[in-house]
Amino acid sequence: MTAKEQVDYYLEYCKYRKELDEKTLKAYRIDLKQYFDAVSCCDPGKEEIDQFITDLHKKYKQKTIKRKIASIRAYYNFLEEEERIGENPFRKVKVKFKEDIILPRIIPREEIERLLNFMYAYPSDLSDKEVKRRRRDQAVVEMLFATGARVSEISNLKADCVDLNSGLIRIMGKGAKERYIQIGEPEVLNLLKKYYTDNEKEIKACGYFFINQRNQRFTEQSIRGMIKKYAKQAGIERNITPHMFRHSFATYLIEEDVDISCLQRILGHSSIRTTQIYIHVAARKQADILRTKHPRNKMVIKIAA
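Number 205 in the UniProt record's numbering belongs to position 205 of the sequence shown; there are no gaps in the numbering.
It is possible that some hints are incorrect.
[Said to hold, decoys possible] Simulated restraints, written as ranges between beta carbons of each label pair:
id, residue 1, residue 2, range
1, D37, D257, 49 to 57 Å
2, M1, E48, 39 to 47 Å
3, C42, D257, 49 to 57 Å
Calculated from the structure, these hints are not laboratory results. Ideal Cβ placement from N, Cα and C applies to all residues, glycine included.
Construct the complete structure from the given sequences, taking the supplied hints into account.
In structure tokens, the structure reads:
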């Protein structure tokens, strides 16, 4: 079996047996093609693999290199388990990473408040069509901040995954993993009900909860553009993205003493290490700790006038 046939077999397994999403499959396909184009054979040796990894370091950042190598390792592990190869060539390859910690960017509370206030304060002379569109935009932004969901999860949210009576949202995350998130703010739930009432017929026909003017799925790119437009109109200079609502959601819950393992489940992280980064950016919590717990507070220091 050729390398291409092996890769196709593996990707088919990932799609139908592991039920990985299209984005993940696309990344695997690109990484494996790049690898085999570089080594130019089905059975590369350690020297060729080392050269490939060196070339990766010349072109990419540590995070990207780590992902690409993980893709190739997973491929060889699969072939080994299936007994399609005698020896896993990556077992002898040792790669150490020294990654820079990139802290997530959050939106200051006052800017979230300013954005929402601007979106709710629309002119009274808007047409019914414009009011419906504004209400949808409000609902999308409120949903992003209320759930901490990824923009792809909001865009692909199906109508039957939203229980407007209980406020329970079923979100399909990465790797087809489901999780449930409760809308806890009554005002947000009422807004979602109004939005749904405005568009009930079109939503049922489309199948997705958030729809555009053509009564089709409200895409990730359209959501990004919508938020950018309102932020600019609200006089916010910061470049606000949908994912920043997710970062803000997580950081502010940490500041309110939400348990890290609970937050991990809410965000849909497979590893708690991913969630722990929000501890580093919980500035208000850090300030409270240093103000109240620092040992300097218990010291008796005589300071000359």
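Okay, the hints, checked on the actual structure:
no. : hint                     : verdict
1   : D37 <-> D257: 49 to 57 Å : holds, 50 Å
2   : M1 <-> E48: 39 to 47 Å   : violated, 20 Å
3   : C42 <-> D257: 49 to 57 Å : holds, 54 Å
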